[in-house]
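Colleague: Now for the letters of each chain:
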Amino acid sequence: MEIICINCPVGCRLKVKVEGGEVKEVAGNACKRGDTYARQECVAPMRMVTAVIPVEGSRTPLSVKTAAPIPKHLLLDCMEALAGIKLKAPISAKSVILRDVLGTGVDIIATKSVKIDL
Amino acid sequence: MNVDVLVIGAGPAGLAAAIAAKEDGIHNLLVLERESAPGGILKQCIHNGFGLHRFGEELTGPEYAQKDIDRAEELGITIQCDTTVLSVSEDKVVTCVSREHGFQEIHAKAIVLAMGCRERPRGALGTPGTRCAGIYSAGTAQKLVNLMGYMPGKRCVILGSGDIGLIMARRMTLQGAKVLACVELMPYSSGLNRNIVQCLEDYDIPLYLSHTVVDIHGKEKLTGVTVAQVDANRKPVPGTEMEFDCDTLLLSVGLIPENELSVGAGVNLSAVTSGAEVDDTLQTNVPGIFACGNVLHVHDLVDHVSNESFKAGLSAAQFAKGEFAVGETVAVLDGQGVRGVVPQRICAGAGRAVELMFRPAGVYRNAVCVVKCGDNIVARKKAPIFTPGEMVVVKLPEDVVAGLSGDLTVSVEGGQ
Numbered sequence: 040m041e042i043i044c045i046n047c048p049v050g051c052r053l054k055v056k057v058e059g060g061e062v063k064e065v066a067g068n069a070c071k072r073g074d075t076y077a078r079q080e081c082v083a084p085m086r087m088v089t090a091v092i093p094v095e096g097s098r099t100p101l102s103v104k105t106a107a108p109i110p111k112h113l114l115l116d117c118m119e120a121l122a123g124i125k126l127k128a129p130i131s132a133k134s135v136i137l138r139d140v141l142g143t144g145v146d147i148i149a150t151k152s153v154k155i156d157l
Numbered sequence: 053m054n055v056d057v058l059v060i061g062a063g064p065a066g067l068a069a070a071i072a073a074k075e076d077g078i079h080n081l082l083v084l085e086r087e088s089a090p091g092g093i094l095k096q097c098i099h100n101g102f103g104l105h106r107f108g109e110e111l112t113g114p115e116y117a118q119k120d121i122d123r124a125e126e127l128g129i130t131i132q133c134d135t136t137v138l139s140v141s142e143d144k145v146v147t148c149v150s151r152e153h154g155f156q157e158i159h160a161k162a163i164v165l166a167m168g169c170r171e172r173p174r175g176a177l178g179t180p181g182t183r184c185a186g187i188y189s190a191g192t193a194q195k196l197v198n199l200m201g202y203m204p205g206k207r208c209v210i211l212g213s214g215d216i217g218l219i220m221a222r223r224m225t226l227q228g229a230k231v232l233a234c235v236e237l238m239p240y241s242s243g244l245n246r247n248i249v250q251c252l253e254d255y256d257i258p259l260y261l262s263h264t265v266v267d268i269h270g271k272e273k274l275t276g277v278t279v280a281q282v283d284a285n286r287k288p289v290p291g292t293e294m295e296f297d298c299d300t301l302l303l304s305v306g307l308i309p310e311n312e313l314s315v316g317a318g319v320n321l322s323a324v325t326s327g328a329e330v331d332d333t334l335q336t337n338v339p340g341i342f343a344c345g346n347v348l349h350v351h352d353l354v355d356h357v358s359n360e361s362f363k364a365g366l367s368a369a370q371f372a373k374g375e376f377a378v379g380e381t382v383a384v385l386d387g388q389g390v391r392g393v394v395p396q397r398i399c400a401g402a403g404r405a406v407e408l409m410f411r412p413a414g415v416y417r418n419a420v421c422v423v424k425c426g427d428n429i430v431a432r433k434k435a436p437i438f439t440p441g442e443m444v445v446v447k448l449p450e451d452v453v454a455g456l457s458g459d460l461t462v463s464v465e466g467g468q
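Same order as they appear, the protein sequences are chains A and B.
Just so you know, we're using the working numbering here: the first sequence kicks off at 40 and counts up by one.
Just so you know, we're using the working numbering here: the second sequence kicks off at 53 and counts up by one.
Where hints are given, some of them may not hold.
Listed below are the simulated EDC-like cross-link pairs for lysine to aspartate or glutamate, each with C-alpha atoms no more than 20 angstroms apart in a straight line [said to hold, decoys possible]:
1) Lys111(A) x Glu310(B)
2) Lys144(B) x Glu157(B)
3) Lys206(B) x Glu41(A)
4) Lys54(A) x Glu253(B)
5) Lys111(A) x Asp156(A)
By construction, these hints were calculated from the structure, which means they are not laboratory data.
Let the hints inform the model, and build the full structure from the sequences given.
Modeller: And the structure:
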């Protein structure tokens with residue numbers, strides 16, 4: 040089957056040979072990430088999640104991301120988990136906002152700093 | 053005020069240009085920024101996927117911007133925010149206004165134009181219908197959601213499949229809205245393929261190619277849009293209309309380099325890219341005025357913007373120091389299947405490696421991009437697919453550039 044690598048904007052078209060639920064061969068990737076992506080995507084797709092969360096005391100919401108990709112089927116559940124978080128400024132970039140989201144072992148981390156400006 | 057190098061805009065392009073100029077020994081350097089903080093559009097691009105080429109890691113927009121902001125701070129670069137540039141003249145006098153400094157006139161030895169681009173608005177489309185609330189450009193909606201914390205609506209249709217539209221389809225969905233459709237006039241998407249996959253397909257949002265919005269309904273607030281298929285001449289096909297009940301219409305229908313200041317300075321613009329015409333040092337036709345980033349031509353990758361802007365900043369620094377010389381140039385022309393090659397001229401004598409960038413004029417499968425000097429092929433690049441949504445980069449090594457004897461033509465050959 041043919042899939043499009045989503046690791047970077049180059050978007051390599053990967054040709055993946057799958058036999059019996061197992062990836063046998065990957066071609067068309069410009070870098071190593073394409074190979075890794077194809078092997079994962081055809082078996083258990085994973086996605087990064089980014090979101091914004093309102094912060095008490097800050098004019099701008101905080102942007103956050105999962106520290107690593109999480110299973111694709113958990114995307115909306117992850118957003119649900121983030122919706123319940125209450126935050127207070129100041130927060131610095133890279134700080135952990137939520138540990139081990141949905142038992143994935145992946146933390147939610149801040150991708151920018153917000154100061155008190157309200 | 054006198055400065056050696058003046059950079060207009062503190063987005064990724066302006067920051068990179070300023071960093072390169074400072075690192076090359078320019079101390080009297082000033083960056084002017086219209087907004088209240090540096091970072092440009094990256095501030096609102098909270099999704100990931102930036103920086104893989106430049107930093108070898110996958111960053112979000114704010115993280116990518118912060119790396120350059122930190123570096124600029126480390127180098128002691130002055131970034132004057134909340135400042136709007138009013139004019140740039142051919143003799144490199146810049147006027148600007150700000151609350152803090154009032155009206156300023158700045159005389160620069162060299163100027164880097166890094167103003168970025170803006171979105172094509174509804175008015176440019178000629179879509180019929182009422183002028184109700186609820187219609188936003190995708191970037192405006194992105195700013196509302198990601199920087200101001202407002203949701204523009206709950207049920208959304210997206211016209212155009214540019215990257216910002218696709219990114220916003222996912223953002224609106226994740227933040228709780230229902231995205232009913234993404235509608236694209238052309239038979240192909242103008243966005244990156246990865247974004248079709250991870251922003252539409254992941255959330256089962258239908259993409260209607262060769263369709264457009266033919267009517268907009270709603271008196272005060274948008275209540276719905278009519279979508280119809282278009283024929284090969286992009287005219288709506290009667291009888292194919294579909295009604296969508298929505299409160300928000302996002303437009304992602306193209307980006308236009310913001311060149312009003314450049315025109316005032318006598319900079320020649322390309323009719324194809326809407327950006328300045330430059331040589332491989334990124335110098336425009338006006339000596340000492342350089343352009344880089346999305347004000348020069350709209351990029352897909354910020355990594356490319358940064359690279360290009362480092363070059364522009366270095367050139368500006370050399371110009372300000374009086375070490376800059378451009379010899380004879382050869383022209384780089386668009387051939388078959390190619391739109392808007394940048395740079396438009398190359399200084400062959402300098403023998404620097406050059407990267408040619410362009411957008412294919414259509415979709416070509418199993419084709420070859422060929423760069424010719426007369427009848428000689430000087431570079432070629434094969435790809436399984438060339439599409440207008442993805443910028444093509446062709447490298448000309450030093451020895452090839454040094455050996456150029458005449459104008460170059462870039463074309464896409466073979467394939468369908």
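Colleague: Against the 20 angstroms threshold, does the CA-CA distance of Lys144(B) and Glu157(B) hold or violate the hint?
Modeller: Answer holds: Lys144(B) to Glu157(B) is near 10 angstroms, not above 20 angstroms.
Colleague: Straight-line Cα separation of Lys111(A) and Glu310(B) no greater than 20 angstroms?
Modeller: Cα-Cα ~38 angstroms, so violated.
Colleague: Given the hint that Lys206(B) pairs with Glu41(A), does the C-alpha gap stay at or below 20 angstroms?
Modeller: Not OK: Lys206(B) and Glu41(A) at ~34 angstroms, beyond 20 angstroms, violated.
Colleague: Tell me if the straight-line CA distance from Lys111(A) to Asp156(A) falls inside 20 angstroms.
Modeller: violated, 36 angstroms
Colleague: Does Lys54(A) pair with Glu253(B) here, judged by a C-alpha cut-off of 20 angstroms?
Modeller: holds, 19 angstroms
Checked against the numbered hints given earlier, the structure breaks hints 1, 3 and 5 and satisfies all the rest.
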